[in-house]
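Using the sequences and the accompanying hints, generate a full structural model.
Here is what each chain is made of, one letter per residue.
There are 2 protein chains.
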Amino acid sequence: MNQVASRLANTPPPPYYAVIFTNQLCDDCDGYATTADRMVQLAAKAPGYLGYESVHDDEGVGITVSYWQNSETIEAWKNNAEHMEAQRLGRDKWYRAFSVRIAKVERASQFP
Amino acid sequence: MNQVASRLANTPPPPYYAVIFTNQLCDDCDGYATTADRMVQLAAKAPGYLGYESVHDDEGVGITVSYWQNSETIEAWKNNAEHMEAQRLGRDKWYRAFSVRIAKVERASQFP
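Protein chains in written order, with the numbering used here: chain V, 987 to 1098; chain G, 987 to 1098.
Simulated from the structure, these hints should not be mistaken for lab results. Careful, some of the hints might be misleading.
Note that the list lumps identical chains together, so a pair holds whenever it fits in one copy or between two copies.
What the hints assert, rightly or not - List of simulated lysine to any residue pairs, SDA-like, C-alpha gap at most 20 Å:
1. K1031 x S992
2. K1079 x S1095
3. K1090 x E1071
4. K1090 x L1036
5. K1031 x E1061
6. K1079 x P998
7. K1064 x P1098
8. K1090 x E1061
9. K1090 x N1056
10. K1031 x F1097
11. K1031 x D1078
See the structure below:
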């Protein structure tokens, strides 16, 4: 798999779940990158994790979509102790605004 | 509404649908930006359209999520003649790779 392809998640056939996390970072992001990297590593080991896609632009707007087997595994990841501390820091320090949407993927297609 | 907030979609309470479009642009994007802007304008007038969030980074990776009332309005937008021509150009010219996922949003939360 080349580097480009590795930024698109290779998910199984639907149904599965997506967590769509849309966010606007604050200007002061001290500590954010380290914690974000740690959360990616930690999520990848969580039960039910299927993949992850993330893009940030130079205005500090980001969309991260993670994919999960079902809503129970999303709930378990949400309640992971280290992740809960990261969520708290996110609200207190790093995010000016964000939305989280839990969605059931019904259909999917890829190109090429 | 300030400029930051306007980049996050202001959607109604669930349920509604999301189209998660993850993509990697080709190096030659001639004509892409004009068509992409036109599609944003056109989608906003389509029946069932609820909103739109989009981020691209400097590696040419993008995630665009559009929100819709139901799967029927997504299907109608997919089959819009001008959009179909844009999809064809996307496959032929602009995208090295992409994924499209149709997902039913079951839960959503916002901060602040």
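The hints, checked one at a time:
In this homomeric assembly, K1031 and S992 come within 20 Å of each other (Cα to Cα) only inside a single copy, at 17 Å, whereas the closest approach across copies is 35 Å. Taking the closest pair of Cα atoms, K1079 and S1095 come within 20 Å of each other only across two copies (18 Å); inside a single copy the shortest separation is 37 Å, beyond that limit. Taking identical chains as interchangeable, the C-alpha atoms of K1090 and E1071 are never at most 20 Å apart, the minima being 26 Å within one chain and 29 Å between chains. For a Cα distance limit of 20 Å, the shortest separation of K1090 from L1036 qualifies both inside one copy, at 13 Å, and across copies, at 18 Å.
Proximity of K1031 and E1061 under a CA criterion of 20 Å is satisfied intra-copy only: 15 Å inside one chain copy versus 36 Å between copies. Taking the closest pair of Cα atoms, K1079 and P998 never come within 20 Å of each other, the shortest separation being 35 Å inside a single copy and 27 Å across copies. When the C-alpha separation of K1064 and P1098 is checked against a cutoff of 20 Å, the pair qualifies only between copies, where the shortest distance is 18 Å, while the shortest distance within a copy is 33 Å. Proximity of K1090 to E1061 under the C-alpha cut-off of 20 Å is found in both arrangements, the shortest distances being 14 Å within a copy and 17 Å between copies.
Taking identical chains as interchangeable, the C-alpha atoms of K1090 and N1056 lie at most 20 Å apart whether they share a chain (8 Å) or sit on different chains (13 Å). When the C-alpha separation of K1031 and F1097 is checked against a cutoff of 20 Å, the pair qualifies neither within a copy, at 28 Å, nor between copies, at 27 Å. For the identical chains of this complex, K1031 and D1078 are neighbours neither inside a copy (26 Å) nor across copies (37 Å), given an alpha-carbon limit of 20 Å.
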